[in-house]
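S.K.: Protein chains in written order, with the working numbering: chain A, 1 to 62; chain B, 1 to 503.
A few of these clues could be false.
The calculated label-pair distances, taken between Cβ atoms and stated as ranges, are [as the list claims (entries may be wrong)]:
#1 A/L7 <-> B/A285: 16 to 26 Å
#2 B/A228 <-> A/L10: 26 to 36 Å
#3 B/K111 <-> A/L40: 15 to 25 Å
#4 B/G161 <-> A/F29: 34 to 44 Å
#5 B/Q363 <-> A/P19: 52 to 62 Å
#6 A/L25 <-> B/A285: 47 to 57 Å
#7 A/L40 <-> B/Q363: 24 to 34 Å
#8 A/F29 <-> B/G232: 39 to 49 Å
#9 B/V362 <-> A/P19: 48 to 58 Å
By construction, these hints were calculated from the structure, which means they are not laboratory data. Quantities reported herein were computed from a predicted structural model and do not represent experimental measurements. Just so it is clear, CB atoms sit at the ideal spot from N, CA and C, and this is done for glycine as well.
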Amino acid sequence: MAPMWSLLLLPFVGLLWVPFYNHELPALFGFPFFYWYQLLWVPITAGLIWIVYRHNLRRGDE
Amino acid sequence: MSGDIHWTALAVFVFFFLLVTVMGFAASRWQTGGSKKEAHLDEWGLGGRNFGTWITWFLVGGDFYTAYTVIAVPALVYAVGAYGFFALPYTILVYPIVFIIMPRLWHAASKAGHVTAADVVYGRYGSRWLELAVAVTGVVATMPYIALQLVGMEVVIKALGLSGELPLAAAFIILALYTYSAGLRAPALIAFVKDLMIYIVVLVAVVLVPSKLGGYAHVFQAAGEAFAAKGGATGLTLKPAQMLPYASLAIGSALAAFMYPHTLTGIFAAKSADTIRKNAVFLPAYTVLLGLIALLGYMAYAAHLDIKSNNDVVPALFNALFPAWFSGFAFAAIAIGALVPAAVMSIGAANLFTRNFWKAYVQPDVTPAGEAKVAKIVSLVVKVGALVFILFLPTQFALDLQLLGGVWILQTFPAVVFGLFFGWFGGPALLTGWAVGMIGGSWMAFSDGIKPVHTFLIHGNGYTLYTGITALLLNIAVAVAVQLLFGRRGRPLAASPALRGRV
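If we strip away everything but chain A, and leave its shape as in the complex, we get (with noise of 0.2 Å):
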């Protein structure tokens, strides 16, 4: 179980890790690296908990 919830850490550690994306490149359409970057980890963050939600139905928790 610990595995699969440790899943929900990494977007605390890849948005409050601020120096690692503090930057204008590479833009991307025209975002800077900044914005895209944090708003690319709206999708993954809820990718992450989709699947640690199906890992534990799988399971059998409640």
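Once you have looked at the hints, place chain B on chain A.
M.R.: This is chain B only, laid out in the frame that chain A set:
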């Protein structure tokens, strides 16, 4: 913006406002399974505890991403650039937190028939003082939040060219009446309309506006130049000194978000714990929207708008770039977007007053029907109070109090959440921690002139953190110390209804 009334925009606005008013009054019959059974607080205050995944998605989305957000986040981004973007990591990180905590809280509440977070705390620790602390913090933090929804409405009413306070008062009284009659079902039903409208407005805005302004690259460039011209204290990326406040504001706000009575009301009203888990997966869709809304702040630079007050950024942008009828639609979306959270907030505050003050101290033998009656009247009082607040006190007062409210509500986190996961803490330790966090947080905020961040000097280096997080760390440290020193525990884990039958 001129003082003229924009008739086309106003007509569209009034049409949608009337539509949701009819829906609000009709909502008392919705999702009741045919029969009218309002004479129970579970019915009025939690919509029968029967909202499925879709209704919860619209309700919590409509309630968490408020009208004030649509006005204030672009205003902040317009004013301070990248720093104002902390709303994005905040509204991402909130969902893993919801996924882990809220299904457990829902179980604890559902098994014992709890309606509020303070109920859950009393059920777990048996401490009237801790219950009162959580309840009072909730009500006090919510009141200025309701007032700010009125500010959001005021801004768009002004953008329509209407002056005076009568339109605002009229809109709010209508809201108060249908919340009184239909309870949580009214905002839940209206949230469908509100959210669809906001989605349409934002999608149109993020496609149309940049194409009119020469693309996103140009929008960012124009904003970057404007910040550089202002002296470069802020910009398109964070300055080194802004990084720690940025991260701590994001995590602190994410921890606080679902401690508010209005967001918790959405959780308690869910049909099952699974409903909440699914919503943790799907609610981030609103965060994409918020990220795009935030960019409206930069678009204002590319559009060369002349803006007097930061809060006018969004309405001024819409008035400048959209045809009148679409501006009316957009302003209606924002105004209706104020009604949903204002309604849920007043219901959340009314539930707290009824369960944790009226039932606890005034009338312990109150029936569920009696509770519903008290709560309905309190919801009216709360809304009138917020209206008076906005009409007669400076707006800055509400802004300051809302900021303090965020620091305060975060101090209820240990009391509400820790007991769901482990039984080590006792009520007295958590109560002491809460008190120290409240006093320490307020003191720091006041000494900084009501700013959300506090700077510490360590070895000559300044470290700036969100005050709410600092106070929370103090809160937890004191609770641990008191528990170690005077160590009486809460109830043993097995006896706690919150944990029975859990994995």
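S.K.: Does each hint fit the structure? Answer for all of them.
M.R.: Outcome of the hint check:
no.: 1; hint: A/L7 <-> B/A285: 16 to 26 Å; verdict: 20 Å, holds
no.: 2; hint: B/A228 <-> A/L10: 26 to 36 Å; verdict: 35 Å, holds
no.: 3; hint: B/K111 <-> A/L40: 15 to 25 Å; verdict: 39 Å, violated
no.: 4; hint: B/G161 <-> A/F29: 34 to 44 Å; verdict: 36 Å, holds
no.: 5; hint: B/Q363 <-> A/P19: 52 to 62 Å; verdict: 56 Å, holds
no.: 6; hint: A/L25 <-> B/A285: 47 to 57 Å; verdict: 28 Å, violated
no.: 7; hint: A/L40 <-> B/Q363: 24 to 34 Å; verdict: 53 Å, violated
no.: 8; hint: A/F29 <-> B/G232: 39 to 49 Å; verdict: 26 Å, violated
no.: 9; hint: B/V362 <-> A/P19: 48 to 58 Å; verdict: 54 Å, holds
Violated hints, in rising order: 3, 6, 7, 8; the structure is consistent with all others.
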